[in-house]
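There are 2 protein chains.
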Amino acid sequence: MKAEILTIGDEVLRGEIVDSNKALIASRLLQLDVECHYQASVRDDPADMRDAFERGISRSDLLLVSGGLGPTRDDRTTETLAEALGRPLEFDEGSFEAMRAFFARVGREMNETNRKQALFPSGAEILANPVGTAPGFLLEERGTIVVCMPGVPRELSLMMDEQVLPRVEARLEKGEGVSRVRARMLRTFGIGESSLEGELADIAQDGEAELAFRTSFPDNFLRVVARGASISEADTRIDAVAAKIRARIGDLVYGEGEETLEAVVGGLLGAAGRTVAVAESCTGGTIAQKLTDNPGSSVYFLGGMVAYSNSAKQALLGVSEETLVRHGAVSEPVVSAMASGVRARFGADIGIATTGISGPGGGSETKPVGLVYIGISWGAGIASSRILANSGEVDAGIRVSPGESGGAGGEGGSAAGHFIFPLDRARHRTLTAQVALDWIRRLMTDTELVGPSLMRRGGGSAPAGLPSSGTKTGSS
Amino acid sequence: MKAEILTIGDEVLRGEIVDSNKALIASRLLQLDVECHYQASVRDDPADMRDAFERGISRSDLLLVSGGLGPTRDDRTTETLAEALGRPLEFDEGSFEAMRAFFARVGREMNETNRKQALFPSGAEILANPVGTAPGFLLEERGTIVVCMPGVPRELSLMMDEQVLPRVEARLEKGEGVSRVRARMLRTFGIGESSLEGELADIAQDGEAELAFRTSFPDNFLRVVARGASISEADTRIDAVAAKIRARIGDLVYGEGEETLEAVVGGLLGAAGRTVAVAESCTGGTIAQKLTDNPGSSVYFLGGMVAYSNSAKQALLGVSEETLVRHGAVSEPVVSAMASGVRARFGADIGIATTGISGPGGGSETKPVGLVYIGISWGAGIASSRILANSGEVDAGIRVSPGESGGAGGEGGSAAGHFIFPLDRARHRTLTAQVALDWIRRLMTDTELVGPSLMRRGGGSAPAGLPSSGTKTGSS
Chain A
1 MKAEILTIGD
11 EVLRGEIVDS
21 NKALIASRLL
31 QLDVECHYQA
41 SVRDDPADMR
51 DAFERGISRS
61 DLLLVSGGLG
71 PTRDDRTTET
81 LAEALGRPLE
91 FDEGSFEAMR
101 AFFARVGREM
111 NETNRKQALF
121 PSGAEILANP
131 VGTAPGFLLE
141 ERGTIVVCMP
151 GVPRELSLMM
161 DEQVLPRVEA
171 RLEKGEGVSR
181 VRARMLRTFG
191 IGESSLEGEL
201 ADIAQDGEAE
211 LAFRTSFPDN
221 FLRVVARGAS
231 ISEADTRIDA
241 VAAKIRARIG
251 DLVYGEGEET
261 LEAVVGGLLG
271 AAGRTVAVAE
281 SCTGGTIAQK
291 LTDNPGSSVY
301 FLGGMVAYSN
311 SAKQALLGVS
321 EETLVRHGAV
331 SEPVVSAMAS
341 GVRARFGADI
351 GIATTGISGP
361 GGGSETKPVG
371 LVYIGISWGA
381 GIASSRILAN
391 SGEVDAGIRV
401 SPGESGGAGG
411 EGGSAAGHFI
421 FPLDRARHRT
431 LTAQVALDWI
441 RRLMTDTELV
451 GPSLMRRGGG
461 SAPAGLPSSG
471 TKTGSS
Chain B
1 MKAEILTIGD
11 EVLRGEIVDS
21 NKALIASRLL
31 QLDVECHYQA
41 SVRDDPADMR
51 DAFERGISRS
61 DLLLVSGGLG
71 PTRDDRTTET
81 LAEALGRPLE
91 FDEGSFEAMR
101 AFFARVGREM
111 NETNRKQALF
121 PSGAEILANP
131 VGTAPGFLLE
141 ERGTIVVCMP
151 GVPRELSLMM
161 DEQVLPRVEA
171 RLEKGEGVSR
181 VRARMLRTFG
191 IGESSLEGEL
201 ADIAQDGEAE
211 LAFRTSFPDN
221 FLRVVARGAS
231 ISEADTRIDA
241 VAAKIRARIG
251 DLVYGEGEET
261 LEAVVGGLLG
271 AAGRTVAVAE
281 SCTGGTIAQK
291 LTDNPGSSVY
301 FLGGMVAYSN
311 SAKQALLGVS
321 EETLVRHGAV
331 SEPVVSAMAS
341 GVRARFGADI
351 GIATTGISGP
361 GGGSETKPVG
371 LVYIGISWGA
381 GIASSRILAN
391 SGEVDAGIRV
401 SPGESGGAGG
411 EGGSAAGHFI
421 FPLDRARHRT
431 LTAQVALDWI
441 RRLMTDTELV
451 GPSLMRRGGG
461 SAPAGLPSSG
471 TKTGSS
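In order, the protein sequences belong to chains A and B. First residue of the first sequence? That's 1 in the working numbering, and the numbers climb one at a time after it. First residue of the second sequence? That's 1 in the working numbering, and the numbers climb one at a time after it.
These are calculated hints, taken from the structure and not from any lab test. It is possible that part of the hints are untrue.
Simulated restraints on C-beta separations [to be verified]:
hint, chain 1, residue 1, chain 2, residue 2, range
1, B, 79, A, 228, 33 to 41 Å
2, A, 363, B, 47, 44 to 52 Å
3, A, 1, B, 166, 43 to 51 Å
Just so it is clear, CB atoms sit at the ideal spot from N, CA and C, and this is done for glycine as well.
Please construct the entire structure, taking both the sequences and the accompanying hints into account.
Structural data, given as structure tokens:
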């Protein structure tokens, strides 16, 4: 099945908005193993629209259209398509009633202009829109399925999932000897794209599933696609391959699908009843912001300090003046003192801290732009026997220490490490925050704290987004 | 001049990346008043690419292509275009040398595969790429200008500005009676799109310039386009219209072009030698993160606290237990205490604070989800005679108070207000942070602190992104 996506709207053509709808639709289609061959966008211009409809119907099996279903004069998708196909418009009472109910629910007045949103080309199947006013519709023309959907991403997304994909899947199943497809997205952090590819080369080659790699800074995503004569066969296959991958690269996989690292960390902390506090210098609030992006984060997030100045590090986090003077603000002793200081101030189970030089200014010969220290401190009872196994050793720039009473993890402990990330300011902050969040995840799952050496293992390539000939962050 | 944009790459067609390059190119073209009529994307497939080239050349005057200029086997733009146009490929020694110098500069090894990036279709004009390996090129075919550029946004952006736009402008100027165009983008915050349109209706109608409105949550952007027989005529016109707009809506315009609100606030603080400290509850670090996004922010940003829990508000910010118990954490007395507390703790000139219910949980009948309090506190010498004019009065939910010694601004003062933003969690946090930053801007420019009532002035529509029949945040 050859798919084509068409989005309609002056605001897209003028570049006033970045049109994310095409990517939204294309990635959903991939779940059914349907590939998108063409993407096009045209203005709210009937002649251009007719032309695009005609071309799509003649060259594709599935034409997915988004935009132009609103109530205003500029919204002309339905009428233009009906005219192009020589189909009269028909009024649908049920859709009009659903629209009226929608307006009543959100406490707004329905306008007479909304009436046109209940008109559909003859022969179209109507696709309900429970979260907006504009219903979509589907029709078949010369063997091509044409689907028209609203342009509001939230409405489009729901309509794709609930209405369009099941119908496309049903068509696919009518085909002879069609295989069923299941896809799963594994989210990894800490390993470069080409290293990931190298580590999993044999799994990719054994034919059980297809692996596709993609950088989404600072993560790398791994898409696993398996086919089978039945869905359960495809499912069994994908489970087996995913298990093999996890056995191989284990703790580098932090989540699946839409799970962000901060959501995973929040889930782990919440489930274990543990709390965290954050002391940030160079990340300037990024870690706190990410952790509190999660609804209900007040259960485990006690608070954060953004301590940019030395005096703030002293007064608020208890870093001693001597330590600051002797080692400088960007140093291991300071980040360690920040992590334990913030943990003590908030009475949290875990304290995490960052201090570094995100640039572009502020570097020196011994402390270049890009240098960053990350520290973590944890209290009694947080499992860490594995983490403390290399206690006292400096491994890959990370020094792990047992707690005050020297127990094997039962009394808590701390770790600190340094990295040089040769990135611009924004990406330096993002990557630093991600390593810090990943350390909390590793602490909670009792896996080794890792840094750049592991990030570079395998093919010797850099982590996602670091300059490396193997890293592709965009097409060139 | 009819322009068309074509982007090339499997990753775009699969929806693995949201292709922002088309919007980047289109918005740059608008600076020259050139409208984009078509946008298309195809895979790294020679047949599809040939087809797209052919169509673009036959229907458009300017075809801007991005992607597929890299060194790998998948990058086929140059060879495919050369073949489609029947032009041989020619090796350019100068480009190859520039590439070698680029690799030496970034300390990387040049690969033999990079050689193909120095091949260009016969008759092409080469466009240098000072920030990457792939040069672009321009050629003319059957009256259509075809420009090929790299897909890496940073490289594309620079090539558009420095190489492509001047050449397009030069072609435009060859035309008979062509007018010169100047465009300027004014960034506004605090007024809804339809209110903005209403306020400026007469200016839009007097024909001196065209005004276009666009919502970019939580801001509204206003694009002013003026034409003239000469550039200086267009410039004079645009200056006059911009002055008229500023006279009308004055302090609602916070910046121009690419200036973010946090950059404007940072600039004001830096220029005045003033410092700020932030106490955040519901925004969870967003304000601190934005302020520290600016390079060199350590000059004016002393630090921040993310005080999610009551105990943190007490211990770190000095909010009294009595105040918390009596009024609740989401209240005007608490936000005021947070703002003055954080200012005192960090010894800053200005303290800013937020506390609210971003949702989805945590609301009650008297304190619904969406309720938020914002507080600001400032020290002696920060001009605010205008701000203190309504001292003691509660205007539009904002209460302004003079400092301890009761002077007319000379001794500092404070203000606090509450808003109900019926938005999802992420947008609630974003809008709250923007109001807080805007208050700092207003304090530094001695303009009235405003809230929702002003945001709703004019046509009675809601600010950008708030539900309102007049607000359009996407096409439907």
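Given a hinted range of 33 to 41 Å, is it respected by the beta-carbon distance of residue 79 of chain B and residue 228 of chain A?
39 Å, holds
Quick check: does the Cβ-Cβ distance between residue 1 of chain A and residue 166 of chain B fall within 43 to 51 Å?
45 Å, holds
Could you check the hint for me, namely that residue 363 of chain A and residue 47 of chain B are 44 to 52 Å apart, CB to CB?
Taking Cβ atoms as reference, residue 363 of chain A and residue 47 of chain B lie about 50 Å apart, which means the hint holds.
In the structure shown, no violation is registered for any of the earlier numbered hints.
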